[in-house]
Amino acid sequence: MVEYKGKCVIDLQVNGETRTATVRPSDVLLDVLREQFGLTGAKPGCKNGDCGACTVLMDGWPVKSCLVLAVEAAGHAVTTIEGLQNVPLQKAFVDCEAFQCGYCTSGFLMVCHSLMTQHPDARESVIEDWLQANLCRCTGYSEIRNALRTVLPD
Amino acid sequence: MIAHDFDYYRPDTMKEAYGIYQKLSAMDKSPAYYAGGSEVITMSRAGSILPGAVVDLKAIPECTYMGFADEGLMIGACVTLSAIAESKLFPMLGTAVSRIADHTNQCRITLGGNVCGTIIYRESVLPLLLTDCSVYLWGANGERRVPIKDVFHQRVMLKKGEFITRFAIDQKWLGVPYIHVKKTKNEKIDYPLLTLVALLEGGDIRMAFSGLCEFPFRSSRIEDTLNGPDCTISEKAERITHQLPGPCLDNLDGSAEYRAFVLKNTVYKVLQKFKEMPNGRI
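From first to last, the protein sequence lines are chains B and H. If you use our numbering, the first sequence corresponds to residues 1 to 154, in order. If you use our numbering, the second sequence corresponds to residues 1 to 282, in order.
Keep in mind the hints are simulated off the structure, nothing from the lab. A hint or two may mislead.
Claimed, not checked - Under the rule of at most 30 Å between Cα atoms (straight-line distance), these lysine-lysine pairs were calculated in the BS3-like manner:
#1 H:LYS15 <-> B:LYS47
#2 B:LYS5 <-> H:LYS188
#3 B:LYS91 <-> H:LYS15
#4 H:LYS15 <-> B:LYS7
#5 B:LYS5 <-> H:LYS58
Remember, it's a predicted structure, so these values are computed and weren't measured experimentally.
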């Protein structure tokens, strides 16, 4: 049985590297990524699982890092926006002007990247389901969807 | 940030989980079983619960298995809603869970967590009620299997420290014709004004509801009305609005009168659709 009590040291696999953090078991992954690892690409928005700005990938699937305990992530592969290096999706976001203020962008990129990986042949209804997990207060939804469409196979 | 501290335990077996829960209870640690974590984390952050420890069930093989066994389709309590939908093993359940929260949260929310949750809608239980599934519980005497109707009355009734390990669904239900309707006030992702799941089996309709009362339910009285021969579809739809097992919800999402109106019209359309099916005899 795995046990974490009080302050404890954990190893996390983040963007292919092993990172060590000292955490409380009640610390959420978002805070550890930002405050201990300096990975500020995951954004704190609602911190209630509603907005999706803090989305990262765990073993390739999107999760809202404000709703994951850091100790739970030990043993899983965590990918943040900093781990996406020059993927075509990022260029598509630029080309399609799929961001305005940019605060939601990293969360959307992570969801889109996971969708491309898990469902490269995604139908429109699947795209809609996945993208509805994230909010853009600048309301640039159609541009984001267009950007995703340009990198999905026809 | 969660302001208070708690300890975290991730047992490998059901026995270990029950044992540590009992031990923590004896130490006045107010432990909470933990799976997807959505409720525990949000409620802990808000300070509405203050567990001294959480017992994470996700490393227990029985709780994470989804596949077929002698009893039918087994779905572990810690299987996520997205995994259920992606598997396509039980389309009725897959459809229902695909309308709970948003897709990213469905990658974390578990079937057991939703059924046992404090949010009153618990829509994933509707297909389980309709198919008379069995629920496996782990408690003081090890594992026991009970029909869902014996353990779910408005909410899951568990003894202290007991937890759901898995659900068993008879294979005969997996491919039956069904209809799922979810009506919300505005947005697609929202709590329901009405969620209705219905199936047709041997010419009879089974129907379960969420969003109408302060609990999800299936009612034999309503099903008797739906399957009775003595009135029209329109009369049946009208009649069941007076047969709810509790007061109709009346809040900002919808008044009681409006929910009853939505119920009547939705049931009417569902009965019409079933009537057009080969085995329908409404």
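Results for each hint:
Of the pairs offered as hints, the one joining LYS15 of chain H and LYS47 of chain B is violated, with about 34 Å between alpha carbons and a cut-off of 30 Å exceeded. For the hint pairing LYS5 of chain B with LYS188 of chain H, the CA-to-CA distance comes to about 41 Å; that exceeds 30 Å, so the pair is violated. The straight-line distance between the Cα atoms of LYS91 of chain B and LYS15 of chain H is roughly 51 Å, outside the 30 Å bound, and the hint therefore fails. The suggested pairing of LYS15 of chain H with LYS7 of chain B holds, with an alpha-carbon distance near 27 Å, which does not exceed 30 Å.
Only pairs whose Cα atoms come within 30 Å are accepted, and LYS5 of chain B paired with LYS58 of chain H is accepted, the gap being roughly 18 Å.
Of the numbered hints stated above, those contradicted by the structure are hints 1, 2 and 3, listed in ascending order.
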